[in-house]
Amino acid sequence: GNSVTQMEGPVTLSEEAFLTINCTYTATGYPSLFWYVQYPGEGLQLLLKATKADDKGSNKGFEATYRKETTSFHLEKGSVQVSDSAVYFCALSGRNAGNNRKLIWGLGTSLAVNP
Amino acid sequence: ETGVTQSPTHLIKTRGQQVTLRCSSQSGHNTVSWYQQALGQGPQFIFQYYREEENGRGNFPPRFSGLQFPNYSSELNVNALELDDSALYLCASSGDYEQYFGPGTRLTVT
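Protein sequences, first through last, are from chains U and G. Residue numbers for the first sequence follow our numbering, so the first one is 5 and each next one is one higher. Residue numbers for the second sequence follow our numbering, so the first one is 12 and each next one is one higher.
Quick caveat, the hints were computed from the structure, so don't treat them as lab data. Because the structure is a prediction, the values reported are computed rather than measured. Cβ atoms here follow ideal geometry from the backbone N, Cα and C, with glycine treated the same way. Do not take every clue at face value.
Said to hold, decoys possible - Here are some chain G residues pointing at chain U (derived, C-beta under 7 Å):
# : residue
1 : G53
2 : P54
3 : F56
4 : Q59
5 : G67
6 : Q110
7 : F112
8 : P114
9 : G115
Unchecked claim - What follows is a set of in silico ranges between Cβ atoms, one per label pair, in the way DEER data are often shown:
#  : chain 1 : residue 1 : chain 2 : residue 2 : range
10 : G       : S76       : U       : E12       : 33 to 39 Å
11 : G       : D95       : U       : T24       : 32 to 38 Å
12 : G       : R74       : U       : S62       : 40 to 46 Å
Kindly generate the complete structure, drawing on both the sequences and the hints.
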């Protein structure tokens, strides 16, 4: 079945450091891939998405590229800020006909950015 | 702001009681999914409704049930509450594959 494997946290970085959070997936067909972010005490927000191979999603300085050959969708940011401290979830959604479109989630990676 | 609203924001119930959580989907979205998120965990899929019909269910017992209305808003009902049902309950609406989440309902069972 479909699954998402996400690097374990917590990740602690200093402000302006480079961030990478690894995400790999197993899926049949051609899933859409997502990164969601959850700030403390809040619900989930869609951060970025990619719907086909080689697509790059980007938002708020974050980027992730849909790599079919390595089944990966790693999240990157060149210079993190304290305000980026949150939990980041990688997820996929099936695209096959009849699929119920539920999201399959990674376990989440907690990021703490220190000033 | 995603346009997805949930009510109530917080709720405290005692074991054995029943609870109803509500979700209003984003305009134009015909699919609503419900997730349970325990503290420090990722979301777990409960079920999904598409045009008023259940369209997939996760590994949750029958005491978790739901409805979707003609305006595509939705309810999640949980009977015979257990302590382990304490969690953040998230509703997400979608028109295609992209899901937009509401702020969640924090349920505490004592």
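Taking the hints in turn, this is what the structure says about them:
Residue-level restraint check for G53 (chain G) holds (minimum Cβ-Cβ distance to chain U is 5 Å; threshold 7 Å). The closest approach between the C-beta of P54 (chain G) and any C-beta of chain U is roughly 6 Å, which is under the 7 Å cut-off, so the hint is satisfied. A hinted interface residue such as F56 (chain G) counts as satisfied when its beta carbon comes closer than 7 Å to some beta carbon of chain U; here the least separation is about 5 Å, so the hint holds. Interface restraint check: Q59 (chain G) against chain U, minimum CB-CB distance 6 Å, threshold 7 Å, status holds.
Taking 7 Å as the C-beta cut-off, the interface hint given for G67 (chain G) holds, the closest approach to chain U being about 3 Å. Because the closest C-beta pair between Q110 (chain G) and chain U is about 6 Å apart, less than 7 Å, the hint holds. Interface hint status for F112 (chain G): upheld, as the beta-carbon distance to the closest one in chain U is roughly 4 Å, under 7 Å. Taking 7 Å as the C-beta cut-off, the interface hint given for P114 (chain G) holds, the closest approach to chain U being about 4 Å.
Taken as an interface hint, G115 (chain G) checks out: its beta carbon lies about 4 Å from the nearest beta carbon of chain U, inside 7 Å. Distance hint for S76 (chain G) and E12 (chain U): a CB-CB separation of about 34 Å, consistent with the stated range 33 to 39 Å. Our hint of 32 to 38 Å for D95 (chain G) and T24 (chain U) holds, since their Cβ atoms are close to 35 Å apart. As the Cβ distance of R74 (chain G) to S62 (chain U) is approximately 42 Å, the hint placing it in 40 to 46 Å holds.
In this structure, every one of the numbered hints holds.
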